[in-house]
Every structure is written in C-alpha cells, then in structure tokens.
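Next come the chains, spelled out residue by residue.
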Amino acid sequence: MMLDLLTATIVTLAASSLLLPLLQLRRIGPANLSGYILAAVLSAVMLMLGVYATGPTQSPWFGSLLAYDQLGTLFALVTVGVTLMVTVASFGYLKDVNNPVYYSLLSFTALGMVLLSFSENLLMLLVAWELMSLPTYVLAGYDRRVRSNEAAVKYAVIGAMSSAVILYAISLAYGLTGSIEIPAVVRGLVAQPSILTALTVLLFIAGFGFKMSVVPFHMWIPDAYEGAPTTVSTLLAAGTKKAGFIAAIRVVLAMTTIYIVTHSPLFTVANVLAVLALLTMTLGNIAALTQKSMTRLLAYSSIAQAGYILIGFVPFANNPSSVAATIGMTGALIQIVNHAVMKGVAFLAAALVLYELRRSDVGAYNGLAKRMPITAFTLAVALLALAGVPPLSGFWGKLMLFLSVAYGPFDWLAVAGILNSALSIGYYGYIIKRMYIDDPEVAGRVAEPRAYVIVFAAAVGLIIGIGLFPQPLINFASSAVANIIPK
Amino acid sequence: MSFLLSLLIFLPIAASPLVYQVTKWDRKRGISFSIALAVFLLIVTAYVFWQVYAAPPAPGSYSFVEKYTWVNFPFFGLDYLLGVDGLSTPLMFVTTLLTVLVIYGSRELINHHEPQYYALLFLFEGAIMGVFSSLNLILFYVFWEIVLIPMFFFIGVWGGPRRKYAAMKFIIFTFVGSTIMLLGFLYVYLGMPAGMSSFDIPALAGRVPDGIQYLPLLSSFVGFGVKLPVFPFHTWLPDAHVEAPAPISVLLAGVLLKMGGYGFLRISITLFPQAAFEYAWAFMAVGLVTMFYGAIVALLATDLKRMIAMTSINHMGFVLFGAFATVASGNLLGVQGAIFQMFAHALAVGSLFMLSGFVHEQAGTREIPKLKGLRLTMPRTATLLVLASAAAMGLPPFASFLAEFMVISAGISAYGITAVSVLVPVITAGYFLWMIKRTILSAPERQAQVHDMSLADAASFAVYLVPLVVLIIASYLILTPALPVAQYLWHLVST
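Chain order of the listed sequences is A and B. Under our numbering, residue 487 is the last one in the first sequence; the count climbs by one each step, no gaps. Under our numbering, residue 495 is the last one in the second sequence; the count climbs by one each step, no gaps.
Be careful, since some hints might not be right.
[Said to hold, decoys possible] Going by beta-carbon spacing under 8 angstroms, a handful of chain A positions derived as facing chain B:
no.	residue
1	Leu65
2	Tyr68
3	Val275
4	Leu403
5	Ser421
6	Ala422
7	Tyr436
8	Pro470
9	Pro472
10	Ser478
Rather than coming from a laboratory, the hints here were simulated on the basis of the structure. Source: prediction; values computed, not measured. Just so you know, even glycine gets a beta-carbon here, dropped at the ideal spot from N, CA and C.
Let the hints inform the model, and build the full structure from the sequences given.
Here it is in structure tokens:
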C-alpha cells in the first residue's frame, strides 16, 4: 500500500516537532543545527505538498476529518512556505537561547496550520487551531523583554478568547444540526434559518476574525506584532493569519443563503462581509498613515490587506455561481498567497533593520539604500507590491479582487477599495522616499547576513516572477476555488 | 508577426542593468553606450514611424500588431496586444528623439548617482514605449504605472531643494489618478454583455453599451486629466517640473504629459464615444479653462522654469480642447491638431526646459527679474532662448502655430463662442516677449564676464528646433497618418 503524501507530510512535521527539542541535550556541533534540520524538513514538506498538488487524488487516511483538496494544499503550501522563510531568517537572530525549542515551536505551528488547511470537521478544526496558536503565544514572548512578554500575554488572552468564541459557535452548530462535519453542518444550518443560526454564523465570523485581523477584532494586532520578536511577527502576519482565512472559507462562506437577521435581506452574509471589508481596509490604511514605528505600520497595512481579501468573499457570498464569484474567490486566494510573500518579506526586512540598527522607528529607514542596499531594495519591491503596483505580484490579486465587485450591487466596494489602494501609496511611498531619497543619519555600510539575503532573493524573485507570469498561480487558485462549495 | 514593438519596449528595459554596470565602471563609456543605445532605438522608431506614414493603417486597424495570450481563463482573459497607428508613432518618435537629447544634455547637468540615472532613463523609455503601443487596457495600465517609478526617483534624487515634497506629491497625484482610471476599465470589463468581456481596445471599440459609458468616461478623465494635466488636477505639475533637473523636466513635459493626451484619444473617446459626444462641451470647457489658466499663471511667474511649466499646461489644454472639438463637431482638424500639438509641444518646450537648465547652471538663478542682459553675457543661450520661445508661442517658421490654428478652427466649428480661444496664443506671445525683454534685451547689471554654453551644446538644440521648421513644409508627415485616426474617432462618435 502506498503511503499518501499528505499523511507523510503530517507525520514528518509531527516527528520534527517532537524530536527537535532532543537536540537540546547535545553539546557539540554547529550552533544552528536544529534550524538547519527544520529548514530541510520544511523544504521536504513543501516538495511533498507540491507533488501532492499536481498528482492524482489519493485515498484519505483520516476518514472525514480532513478534506483532500486543492484548497487545502494551497493554504498548506503558503503557510509552510512562510514558516520556512521565518526559519531561515531566524538563523542569525537566535544564536544562544534554547534554539532547538524555538524551532520545535515553529514546527508545531506549521503542523497546526497544515492540519487546519485540510480540516473538514469542526473538532479537527478546533484542535488544529489550538495546535497552531499555543506555540505562537510562547514564541511571541521569546525575547524575554518586558514588551515582548506584554505582547505575548495580550496575544494569549485574545487568542484564548477567540478559541472560546469558536468553541461556543461549534457547540451551537452541533446543537442545531447534530453534526460536527462541516458539509453536514453547513447544510443543516442553511436548512433551518433562525436567530440561533444567525448567531452561530456571527460567532464564527468573530472567532476567525480575530486571527484574520478583521476590524473590529483587530485591536491586539499592532501591539502584538510590535512587541513580539519581529521574525515571530512575520509568522503571525503572513502565516497564522492565513489560517483564519481558510477556516472562514471552509465554514462561513458556504452558508451564503443565511440571513443574519431572519427575513431581512439587508443582513445577508454578503452584506456583513462587505461592511467588514470596508471597515477593515479603511481603518487599516488610515491608521497606517500616521504610524511612526515600522512594525506598527506594517501591522496596520496587514489589517488593510485583510480588508482587500475580504472583498473577494463578497460576490461569492452574494451569488456563488456568478462569474464575479469565481473572479473574487480566485482573487482572494492569489492575494492570500501574494500577501504571505510580500508581507512576510517586508516584516523580515524590518526584523533585520531592527536587529542590525536596534531601531524600529521610521527614522531608522532614512537613507537605508546606502547602508543596507539589498534590504532596502527588497523592502521597496515588497512595499510596491503591497500597494498593487504592476508588474508585481500584488497587482494581480488586487486587480481580480476589485474586478469582482467593479460592476453590480457592490460597486461601491470597488470604489472604496481603489481609493484605499490610492491612499496606501501615501505610506508605502513615504517609506521608499525615506530609504532612497533622504540621507542617512549615520553613514556606513551595515553587513547583511547571508541567510537573509537568500530569503530576500527568493521572495523578490517570486514577487516579480508571479507579477510577469501570473498564469500558473491563477490556475492553482481557480482549481482550489472549485473546492469551496461543499458537496 | 512583427517583433519591433516588443523590441522597442524590452530592449531598453533589459539593457538598463547593463547601462548601470557600464556607467559604474566608466562614466564616459557609460554615457557613450547610452547614447548609442538611444540612437539605435531612435532609428528603429523612425523606421516604424516611416512605415506608418507610408502606409497608414485603415481607420480602426493598427500596424506592427503583436498578439499573444498572456493570461487565459474562462472567467478572465488578457492578451499581450501591441499595435501602432498615426496617433502613437509621432509620440514614440518624439520620445526616442528626446531621450537621445536628454542623455546628451545630462552629461553636464547630472553629477551624482549617474549609473542609477542612466539605467532608470532606459527603464522609463521602455515603459513609455509600452504605453504608446499597448492595445490592451491592463497591459496599458501596467506600463502606465511602471513609468511612475523612475520618474519618482528622478524628481526625488536628482531634483532641486524641494525635491522630496515634489516627488511625493507627484507619486500621490498620479497614482490616485491612475487607480481611478483602472476602476473604469474593470467596470467596463464586467459590465459588458455576456461573452463580450474583453480588455482589448479593438474588441471593445464601438461595442461598449451606452449605459455603461458614462462612469468609465469620468474615471478615465480623472486618470488622464491628472497626467495631461487639466485645470483642477494640475497642482503637482509646477512642483514636479520646477524641482526636477532640467533633462527630466524635458521628459516630463515632452513625454509624460503626452500620456494623458494619448489616453484621451486612444481610450476615452475610442471606447466611450456616445458619452464623450454628449459631454464634449464639458471637456472643451475644461480644456479652454486649462488653456487660459496656464497662460495667465505663466504671465505672472517669475521663475523661468515655472513659466515654462505653465506653458505646458496652456499647450496641453489645446490637446483636450481639440480632441473633443472633433467629437462635438466632426471637424477632423481637431484631432489632427491635437496630435500635431503634442509633437510640436514636446520639442519646443523640451528645448526651453533644457535651456532653462543651462541658464541656471551658468547664471546661478532662474529668477526672471534677476537675469539681465543675457544677450551680452551668454549670447548663444540667449539666441537659442529667443528661437525656442518663438517655437513655443507659435511663431513661423516653427510649425507649432499650425496645431493651434487647426485646434481653434475645429473649436469654432463646434461652438462659435470658443473663438475666444484665439486670445490664448496672444497671451502666450505676451509673456514670452515680456520674458525676453526682461532677461535678454535688458542691460546687464555690471560688466559680467561672458560665460556661455559650448558650440557643441548649442548645436544640439538644432535637433529640437529643425524638425519644427521642417514640419511647416512637411506637415503631412504627421497629418497624413493622423487622418485615419481622426476619421475613426468621428466614425465611432457618429454611429
């Protein structure tokens, strides 16, 4: 009997999570051995997932717990990719403290995210959610600075709350439908609209919204991202946030026909999502304009990006069989992939600047092009991509997202999205201006570690490559969209 | 299938890292290499220009067409579609010509970060070629946005004292304008009847239903209006032009502004003819206001460069006015005049900007009241300044007046009242002559020493001005290929 690649992926990640801490016992060998091992494991996992995505569907080992589809593969690839990026970038950051444990926690998070990507059962989803979240609470406080610990506590409290909200929603769903399998739950809830059904949907949106950084559940984001070690912020912004999206796609999006308030067509899932999208992107962009700290700026920009992604959900929730729905969901998925790369590398660049210059205020970026040319170039490319400037990867996501609502009942959302996009050049351009046009406060080249340069080069290659040849990514995303409507 | 247009786009873009390396290694060789490359591109463009002149494509069709599938899905498709006609080739020709002159003129005026400068120059040139030859809206938008990036750095890194402010203002204005323009394109794509959605201009021309023409026309007006610029959206221009180094001002005025005029003709009128017809009076009014505004503010300017920048606004108003005069009246002279005006303005104002750079370099100031007796202190510069001013104000033997004549007469055939537009050339002549009186004909303050440009530099200005003299005899070089363009636009409007 052939071992299917997905099971192999999960087993490999579980093994590395459990075995890495054993390296703590070792006294000799290279300082970063556990990091190298994890990087190798994650690369292998990505390879397996890649082969899995292109190969024929294999028989599942986990019964109805996991859905073996392209949608899951797409998210698993993205989240493992981000973890790999963070792992490589951590080589220089952690020389001394407990690094096998650190990498093991990263591995646990990756495992949680992979399981979550495929979950098709509410309990599996909750377990995966916790498996992903718990290690990140520890990671956020890994610095042993007061700020880092404060961020960790704040994040843990909010995280626990969101888990509780999700659990409550699950219990309601089970009570209403008698099932914890997502397709059955969705069918059951759609079949019996009531005030409890609406409450269940809202609780799911709120619970996942915390991780997705959707306004009004975003308050913890800037503090946590700023206080946590910046490499960990990268994982939170580019990795675990995506997990919130996959959960929302699997659970909430299928319930399109439910009215949030019974018999009131104003409160449809589509309208609720549209308003959340509008609030999220507008608040994120306006707050980002006024930030003085780079990590906070990126955090708010990350909130704004969540708003753009939500736009793509709206036409689907409105009418899943329309062309606009396909365009929107494809746009949302490719924006999720692109955002992981763009925002991930932007955070890592910020991490490197913080690590080398010991500063995270925007003033530290003055004249960065002269001091750290590779970092500055990477950051500039990432920021332009985030702003949606063609021909970079971020352009395609935004193009399809805005296209999906450009004509029809939600055209106001496209106008708002375009204006927000225009607004965002105000702060992205401002940072680029600081790096390339302003003069540095202190002169002199600063060394850029090789590990970072590798990650930067790979990310810039991806951003430009996808920008010029978007066809394969759109292909993958549109085949994943086909999996969204439950059978 | 031809490959020349792709060559014109991607050769400069691909060569720009090479230019960077060569210039970094040896400044002189870098510049020689840049000039050689720019001349090669000029020759290729001249060939394309000549082919389009010799056999103008029929109304609604294009020469040197290249079509490949770029992105292809049942729900979303994009073509890599290039093609040129009598609207694009004059602009492409003037772009490559100005690029050669700008590189030549930059030798003395640009003294730091030169490798980056020349590399960005070619990135800019390639992107502009893409803008002028794309026939797919999204491809057009891609190049349109790429143009912004080198320009942002040109102003921000090599600009004057307020360069940081000017660069940010430039990028914010133009980015906001272009995103709003993109929204209009998306609206059209999704609003088209089932099975007809496309981003290809030839596939959309004449087929966009009346009902969905108005909003995209408005959004494209914002996008192109910011670039042109038209009156309420122009405030980035004086800052950008004044702060940019002189060679870059040449490109801004000579090339970047033309993107706006080109967009109005290629996209706004072509795709949304019925809406354009209905609101032609409004566009003409905006054009008229822009013309007067530019002229009057130029009259008041004391900075020579600011005055020239305002001349650009004034002249670009003619483009908008002429284009929509044809839409309103069917008098084809309007569109022909608009195309002619874009070509003539690029050379006349380009030479003026370059001269203002030399004046600033040699006299240390550009304040008109402080510049005195240039005829004695810098005779060559002064002579050229008089000639270039004559070209800009439309004095024969320079061909610029033909354009203004055509545009104004088309305007009158649309609405008689627009005859007031003849006052604009009068005001233009007034402020140029006043500037010449104050700076050139006045007595020098003290016995200042002669400090003039070299003969070779002076000779380079012949390249700007001679084509304008030639065109007065050979105006058919531009007007003949422009005729099918005008006919096609009127055909779309009238059916």
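Quick rundown of the hints versus the structure:
1. Leu65: violated, 32 angstroms
2. Tyr68: violated, 24 angstroms
3. Val275: violated, 20 angstroms
4. Leu403: holds, 5 angstroms
5. Ser421: holds, 5 angstroms
6. Ala422: Holds. Min distance 4 angstroms.
7. Tyr436: holds, 6 angstroms
8. Pro470: holds, 6 angstroms
9. Pro472: violated, 10 angstroms
10. Ser478: holds, 6 angstroms
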